[in-house]
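**Q** Spelled out from the first residue to the last, the chains are:
2 protein chains.
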Amino acid sequence: MADRLDQTALKQLFTEARTHNAWQKRDVPDALLREIVDLVKWGPTSANCEPARIVFVKSAAGKARLAPHLSAGNRDKTMAAPVCAIIAHDLEFYEHLPRLFPHNLAAKTWFNGNAAHAERTAFRNGSLQGAYFMLAARAVGLDCGAMSGFDNAGVDKEFFPDGKLKSNFLCNLGYGDPAGLFARSPRLGFDEIAKIV
Amino acid sequence: MADRLDQTALKQLFTEARTHNAWQKRDVPDALLREIVDLVKWGPTSANCEPARIVFVKSAAGKARLAPHLSAGNRDKTMAAPVCAIIAHDLEFYEHLPRLFPHNLAAKTWFNGNAAHAERTAFRNGSLQGAYFMLAARAVGLDCGAMSGFDNAGVDKEFFPDGKLKSNFLCNLGYGDPAGLFARSPRLGFDEIAKIV
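If you read the protein sequences in the order shown, they are chains A and B. Residue numbers for the first sequence follow my numbering, so the first one is 1005 and each next one is one higher. Residue numbers for the second sequence follow my numbering, so the first one is 1005 and each next one is one higher.
Read the hints as simulated data drawn from the structure, not as lab findings. All clues given are correct.
Since the list gives no way to pick one copy over another, a pair counts as held whenever it fits inside one copy or between any two copies.
Computed cross-link-like contacts, PhoX-like style, restricted to lysine-lysine with a CA-CA straight-line distance of at most 25 angstroms:
1) 1161 <-> 1199
2) 1199 <-> 1062
3) 1067 <-> 1199
4) 1029 <-> 1062
5) 1161 <-> 1062
6) 1199 <-> 1029
7) 1081 <-> 1199
8) 1168 <-> 1199
9) 1168 <-> 1062
10) 1170 <-> 1081
11) 1029 <-> 1081
12) 1170 <-> 1199
13) 1168 <-> 1067
14) 1081 <-> 1161
15) 1067 <-> 1081
16) 1170 <-> 1062
With the sequences and hints as input, model every part of the structure.
**A** This is how it looks when you write it as structure tokens:
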């Protein structure tokens, strides 16, 4: 049986972590990006399908490809971030299931020829992995700034021209500058979110 | 700037955590369920929309309502789990945005009259919150066993008859019995998941 994480860890992951808009001029090493992926891959997905695909846009050339597709309010802060990760998912993730889910070699057939079911499974599980991604980044000491305000079709055409991968959301990564934080928004109460029956 | 979590915490959240199928006969107190929700609510969602809604099915009467809608392979283990959480999302989450996202009082209008956009936003962000839920449960020392194998429409009719909430996935909670674990499935490699540009 596992113990509880201490309060310092819970604050870092959840209760005191903030969505950042401004960034310190401090590099994020590639080794840290690799470590995030090596944590994310262990998070649970249905039939271990692991549909998330991630492009870390770090170079000036990469940023220039991304910039035209960002909403006006997200452009400057993303260009200033050390890294912007495109969180996408593979609509043909099921091609890997015979290797990834050896418990049931028929799993691939659940999706073959059922594009709507495959898309929904990729979107659900790719989103789960997107959340693992943000908490993994926080766990290794980075700050996140996730965004939905961009032209998905434009990003997909630029970064995923073969049509198999679809962008889900973007997430800036780096060491946040608290001066750029908004006031923290209120949260729903327990009774608005949950019940016990 | 935050430090890194230590290896013990990373193992508990990611690298050594497992999806459990068998459960110790040990109660999960309601206070722990409340604590999970109080962590999940701080996780980032777009425009702080927080669409996830959670029903913790804990009583025998609640389990009896859930049982008919589970796939055969998920029924017995769910009935034996101390708690099964229904992770759902509110298709009308945007009604709360004037309170939850005071930075932009127009946010509600992005979704009013655009049911497809609202559904996709609820599903994406509700899935993010579902992942926060699993990692929060692990963070407070519980084990998880998430499942997609159930009749969503049947669960929705039984638990959400007004049609505004839609089930996403189920997650058993408790203290896992390692005797019920499958062999761990392989994971994709870094170069299959990600690239740095």
